[in-house]
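2 protein chains.
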Amino acid sequence: MAEGKSLQALQQALGRLPGVGVKSAARMAFHMLQHDRAGALRLAQALQEAVERICHCQLCNTLSEQPVCATCQDGQRDRSKLCVVETPADQAAMERTQAYRGLYFVLMGKLSPLDGIGPQEIGLQRLFERVAPRQGAEQDPAERPAVQEVILATNFTAEGEATAHVIAQGLKSRGVQVTRLARGVPVGSELEYVDLGTIAHALLDRR
Amino acid sequence: MAEGKSLQALQQALGRLPGVGVKSAARMAFHMLQHDRAGALRLAQALQEAVERICHCQLCNTLSEQPVCATCQDGQRDRSKLCVVETPADQAAMERTQAYRGLYFVLMGKLSPLDGIGPQEIGLQRLFERVAPRQGAEQDPAERPAVQEVILATNFTAEGEATAHVIAQGLKSRGVQVTRLARGVPVGSELEYVDLGTIAHALLDRR
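Sequence order for the protein chains is A and B.
One rule links them: number in the numbering used here = place in the first sequence (from 1) + 755.
One rule links them: number in the numbering used here = place in the second sequence (from 1) + 755.
So here's chain A without its partners, still in its complex pose (with noise of 0.2 angstroms):
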């Protein structure tokens, strides 16, 4: 039987994936070993990069090796208007349809009070201060010019439905339009699988 300290530390290591279970974590170890020794070590070494470099862009909130990702330094965008999406993936699907060319604020996840996740876990605060910042905050008006729009693109599932919901509370008294993704995405289903029409059309249908 295969055995060893550092075999079973790489099987660990691998079953805590998302979708790894323990029969996947050994197929995927014993591959590696076997047939792809240079890909396990560039995969470790992009690991390694990846978690030192990475961090969440200073306005959007999104992953990005930039203080500001290269999206919100995008001097052709429409500053007046921002979409809030719950993931990147999301972002990317939006991004696909091309037919929204204003910036993003990525929530990096859904309010969810049964898993401990709260407006304080996707920034609800700092999204509100990205909309209206308080008076007297330091600001750079030719830089960021006020939003006049938000449209809300969270998931329509339950979390992503009550995410929109508390968003839309909390901009209510900052004076700018608030705007939901049209119903044309189906009920239930996650952004990141629909097809791009349907979003398209969904975004062009915005109440």
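A few of these clues could be false.
Note: identical chains are not told apart, hence a pair may lie in one copy or across any two.
To be verified - With a straight-line Cα cutoff of 20 angstroms, these simulated DMTMM-like cross-link-like pairs (lysine to aspartate or glutamate) come out:
#	residue 1	residue 2
1	K760	E850
2	K927	E916
3	K778	E947
4	K836	E945
5	K778	E884
6	K836	E884
7	K760	E876
8	K836	D960
Everything labelled a hint here was simulated from the structure, so no lab data went into it.
Put chain B on the given structure of chain A with help from the hints.
Positioned in the frame of chain A, the structure of chain B alone reads:
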């Protein structure tokens, strides 16, 4: 959109794992960077250590940290029997039946000419020498008494059967008994996923 070379490199490296596609790789990368950076670093370290330390057992060819694995070193085992399996996972399945106390030879693969895997790649020559060492080769008789029976426990798939056939042919002239697991194991299935009782039965009925 989440971006940066580190993230791309990480997703590509994860995508090389067996059974992981583009979307799974992205989910894994986001999950680790968002929720489990400690786990990511542990995985990086485990990969490096495993690649550095794990080699093949000189006797049975399985993955091992020592030159000779613990199973081959075990003095309690019946050294006159040698069970040939395809992978360490198959060996583990054999071990769990507790119906076999002999030694193993792990091919770490199977004959598969279409994939360019021939007798050389799965170390058949090493197996033949392990069973009946060349005359004149240095040999400590106390350490390695002659193998009297080779039990072919390759999978009951087309490639596994072909591999068993080739091994049986190769051992014909070497004066050892060659047996095959009884066909109690369902045809077309892989050993790793068969229930223990079936494997134990097949072991008793070997022909």
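How the hints compare with the structure:
In this homomeric assembly, K760 and E850 come within 20 angstroms of each other (Cα to Cα) only across copies, at 19 angstroms, whereas the closest approach inside a single copy is 45 angstroms. With identical chains, the CA atoms of K927 and E916 are at most 20 angstroms apart within one copy only, with a shortest distance of 16 angstroms there and 70 angstroms across copies. Taking the shortest Cα distances, K778 and E947 sit within 20 angstroms of each other only across copies (10 angstroms), while inside one copy they are farther apart (28 angstroms). Taking the shortest alpha-carbon separations for K836 and E945, neither the intra-copy value of 22 angstroms nor the inter-copy value of 55 angstroms comes in at or below 20 angstroms.
Taking the shortest Cα distances, K778 and E884 never come within 20 angstroms of each other, neither inside one copy (46 angstroms) nor across copies (32 angstroms). In this assembly of identical chains, the alpha carbons of K836 and E884 lie at most 20 angstroms apart only when taken from the same copy (15 angstroms versus 73 angstroms across copies). Neither within a single protomer nor between protomers do K760 and E876 lie at most 20 angstroms apart by alpha-carbon distance, with minima of 36 angstroms and 27 angstroms respectively. In this homomeric assembly, K836 and D960 come within 20 angstroms of each other (Cα to Cα) only inside a single copy, at 15 angstroms, whereas the closest approach across copies is 73 angstroms.
Hint compliance for this structure: hints 4, 5 and 7 are broken, all remaining hints hold.
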